[in-house]
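Produce the complete structure using the sequences and hints provided.
If you're matching them up, the sequences are chains A and Z in order.
Counted from 1, the first sequence has number 76 at position 77 by numbering that gives the first Met the number 0; the numbering is strictly sequential.
Counted from 1, the second sequence has number 2 at position 3 by numbering that gives the first Met the number 0; the numbering is strictly sequential.
Treat the hints with care, as some may be off.
Pairs count within a copy or across copies, as identical chains cannot be separated in the list.
Stated by the list, open to error - EDC-like mimics (lysine to aspartate or glutamate), calculated; alpha carbons at most 20 angstroms apart, straight line:
(1) 78 to 108
(2) 91 to 60
(3) 71 to 106
(4) 91 to 108
(5) 91 to 32
(6) 91 to 72
(7) 92 to 15
(8) 71 to 32
(9) 92 to 106
(10) 71 to 108
(11) 78 to 46
Since the hints were derived computationally from the structure, they do not count as laboratory data.
All of these numbers come straight from a predicted model, not from anything done at the bench.
There are 2 protein chains.
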Amino acid sequence: MNNYSNKQTMIAHTPEPPYYAVIFTSIRTDVEDDYQATAKRMVELAETIPGYLGQESARNEIGITISYWANKESIRSWKQHAEHQIAQERGKKEWYIAYKTRICLVERDYEQAIH
Amino acid sequence: MNNYSNKQTMIAHTPEPPYYAVIFTSIRTDVEDDYQATAKRMVELAETIPGYLGQESARNEIGITISYWANKESIRSWKQHAEHQIAQERGKKEWYIAYKTRICLVERDYEQAIH
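Okay, here's the thing in structure tokens:
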């Protein structure tokens, strides 16, 4: 398991609330060109943005990617990052049939490691 | 495609913000006993709770289920629903290795239907 998929397959270790979540729900086209490589690159890039807290991702019929952020300013920095903007444009043109983005204030959380 | 899976494979049609999201991220055991049937039943049951707005779900290495709610009171009603509480207990004992729940205020959203 490489570093990328390892990060994608964990429950994100976020700090005590409040913090922010960006929920990105999407339905993919069948266009594969550069999609996986770009998704991987976007995770690496997001990690360099101050205020990035982690990410969780799963896909079968629909895809859900949630990135966690310290505050709104860090979300804005990420949204406006030049390389991310290019990827967002390609996403609209090539990779997604439809998507919805929700900006959320995480007010409370609780977790359990059981087994 | 049955009614259940159809609902699970759509981007939820939520109203204008603000509203609430409950993000449930989980890692499954390999115990399948009643899991699918209970998951299906929980969606049907959640739909009967006043204030329920919709749900999105995806799983591969990790699972992410997001339910949307009009307010905190509706989330509390759902959490405390007797049949849901039984399912939550079975989840801890049988179905999940670990999970995290995050209660979030959706402040802003935007969507795009492209193709």
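Hint check:
1. 78 to 108: between (25 angstroms within a copy, 14 angstroms between copies)
2. 91 to 60: within (18 angstroms within a copy, 26 angstroms between copies)
3. 71 to 106: both (14 angstroms within a copy, 11 angstroms between copies)
4. 91 to 108: The answer is between: 16 angstroms across copies meets 20 angstroms, while 32 angstroms in one copy does not.
5. 91 to 32: within (13 angstroms within a copy, 40 angstroms between copies)
6. 91 to 72: neither (24 angstroms within a copy, 37 angstroms between copies)
7. 92 to 15: Classified as neither; 37 angstroms inside a copy, 26 angstroms across copies.
8. 71 to 32: Neither: 32 angstroms inside a copy, 42 angstroms across copies.
9. 92 to 106: neither (35 angstroms within a copy, 27 angstroms between copies)
10. 71 to 108: both (19 angstroms within a copy, 14 angstroms between copies)
11. 78 to 46: within (13 angstroms within a copy, 34 angstroms between copies)
Violated hints, in rising order: 6, 7, 8 and 9; the structure is consistent with all others.
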